[in-house]
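There are 2 protein chains.
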Amino acid sequence: MTSQSILFQQRLKSNAESVEAMLAGLLSAGLQAGEIARPERLLAAVRHGALNGGKRLRPFLVIEAAALFGEGPASSAVRVGAALECVHCYSLVHDDLPAMDDDDLRRGQPTVHVAYDEATAILAGDTLLTLAFDIIAAPETVLTDRIKTELVLALARAAGIGGMAGGQALDLAAEKNAPGEAGIVTLQAMKTGALIRFACEAGAIVADADAEARGLLRRYGETVGLAFQLADDLLDLTADAQTMGKATGKDMARGKGTLVALKGQDWAERRLNELAAEAETLLAPFGERAGILVETARFVANRRS
Amino acid sequence: MTSQSILFQQRLKSNAESVEAMLAGLLSAGLQAGEIARPERLLAAVRHGALNGGKRLRPFLVIEAAALFGEGPASSAVRVGAALECVHCYSLVHDDLPAMDDDDLRRGQPTVHVAYDEATAILAGDTLLTLAFDIIAAPETVLTDRIKTELVLALARAAGIGGMAGGQALDLAAEKNAPGEAGIVTLQAMKTGALIRFACEAGAIVADADAEARGLLRRYGETVGLAFQLADDLLDLTADAQTMGKATGKDMARGKGTLVALKGQDWAERRLNELAAEAETLLAPFGERAGILVETARFVANRRS
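Sequences listed follow chains A and B, in order.
The working numbering numbers the first residue of the first sequence as 1 and each following residue consecutively.
The working numbering numbers the first residue of the second sequence as 1 and each following residue consecutively.
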């Protein structure tokens, strides 16, 4: 490992710990202003869905993108990252439901509707989505109201019908009618790309960066999102190749097209290298400070788990 | 009908038309900034869930509470009302799901999961909840960022685990373990009370009213919320009495306690009159201007549909 990648791993771990602690605090039994009671079973289900020890890649991107502009109010970046992670976790809880992808396990644990019940899982997802906007707007997030408003709007757009929720709808439709290349690109840009792009742009918003820097981080986020999805599809195929003894075809066979399935593994590996290089080019204006985000793009492109 | 109640009915109708038009515009196929595409089927399901011609009581309360403080930016109050209605409609779409209350019909139309499918209904609810915060934060809502931030926070608290979503969790639990009087009061204050209270307080926030006025509208909202729920429970019983030929017992029998079931119909009718009078007293400092909101409390307490 290079010193840059060791630093990256350390920062990934320490940021994940900050976000985990922040989420655990937000999901405690204590009432916030304006709340009447926090029903125990729902709270437990929400905690099950949110405190699952993930890599917390999206909050990491918020925090490190904000850090690009100097020290800044780090705890606010952690809070915005935690808000974004609530949206990500809500989407996992709902996507796992029987009516959606019907998954029983996530990260080796029973999914929320298995550990509790379907109704509670639906409400747990709703609660996490609502909480995301609570966290951004709360007084404890020390940002100007202008910045909070921008964050609320950008997060709602990234998560809504033109972003993640719409992407999940396209994904459900793709099981019946396999989309072509353009359709896959749109689906992935919405389903996984929109939140990752928001993560990077949110860092710039938190730091009140100028429009040019914000635009660069937005494009960096799009590039990382593309790499994230492509690596995911490749991983799906590779893991499959090892266990099933055949290299291609599973995704095609079940009618869920991926770019890897359409264009092949070699193309995907070349494209991942290109995307990591593009991310580096986009960050060049920020100089050495951007080292950690350059390394992040490499990590996302090369990840094998 | 008194002239006051005729005016009330006219305003209820004209406000509902404004909100309906606002929602129809927001739920059109046109992309907003930051959106990639709006999947057709999901958009149709969202429209089915939101454009259902309801009374739009919650937006009405926002608009009329704001109007108490002068003309103000009426279109912003309509937008905030539309945002709140999105939250209300999302809760109906999710509550109707098979895993929740399993209802096939709402306002004489098939519920969203019946007209489309469960997965799409889950996503349609998620989309409406997300859209609520989009609407408040969007530039088209001409309010200061401070006011927008206050609205986002208050709405998230009213809708979250300490408010509506938590109330629905308590309601699910109540089917297994019938709560006592205190439990019913908490459940109802959260499940239906929190959004109605928010509606009235939001009017004051939109108008940037002082803390005292805001407190009065908050208490007015609590009073209207209590009356709304009590009238609902009474209506449930009365409708039942007509069709079933017995006056009491259905709610108790199915284990879902209501205050009417616990304390009787006479008590409920007396209490509704008290609540309407309390609402009037709370609004006395606002003078004649508050006539429409006084009438609203009477309407809510006396409604028989």
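Rather than coming from a laboratory, the hints here were simulated on the basis of the structure.
Do not take every clue at face value.
Same chains, same label: a pair holds when it works inside one copy or across any pair of copies.
Claimed, not checked - Derived DMTMM-like pairs (lysine to aspartate or glutamate); straight-line CA-CA distance at most 20 Å:
no. : residue 1 : residue 2
1   : K13       : D236
2   : K263      : D236
3   : K263      : D208
4   : K55       : D232
5   : K176      : E20
6   : K176      : D208
Now for the hints, and whether the structure bears them out:
no., hint, verdict
1, K13 / D236, "neither (25 Å within a copy, 55 Å between copies)"
2, K263 / D236, "within (15 Å within a copy, 60 Å between copies)"
3, K263 / D208, "neither (40 Å within a copy, 57 Å between copies)"
4, K55 / D232, "within (15 Å within a copy, 47 Å between copies)"
5, K176 / E20, "neither (38 Å within a copy, 34 Å between copies)"
6, K176 / D208, "neither (44 Å within a copy, 51 Å between copies)"
Violated hints, listed in ascending order, are 1, 3, 5, 6; each of the other numbered hints is respected by the structure.
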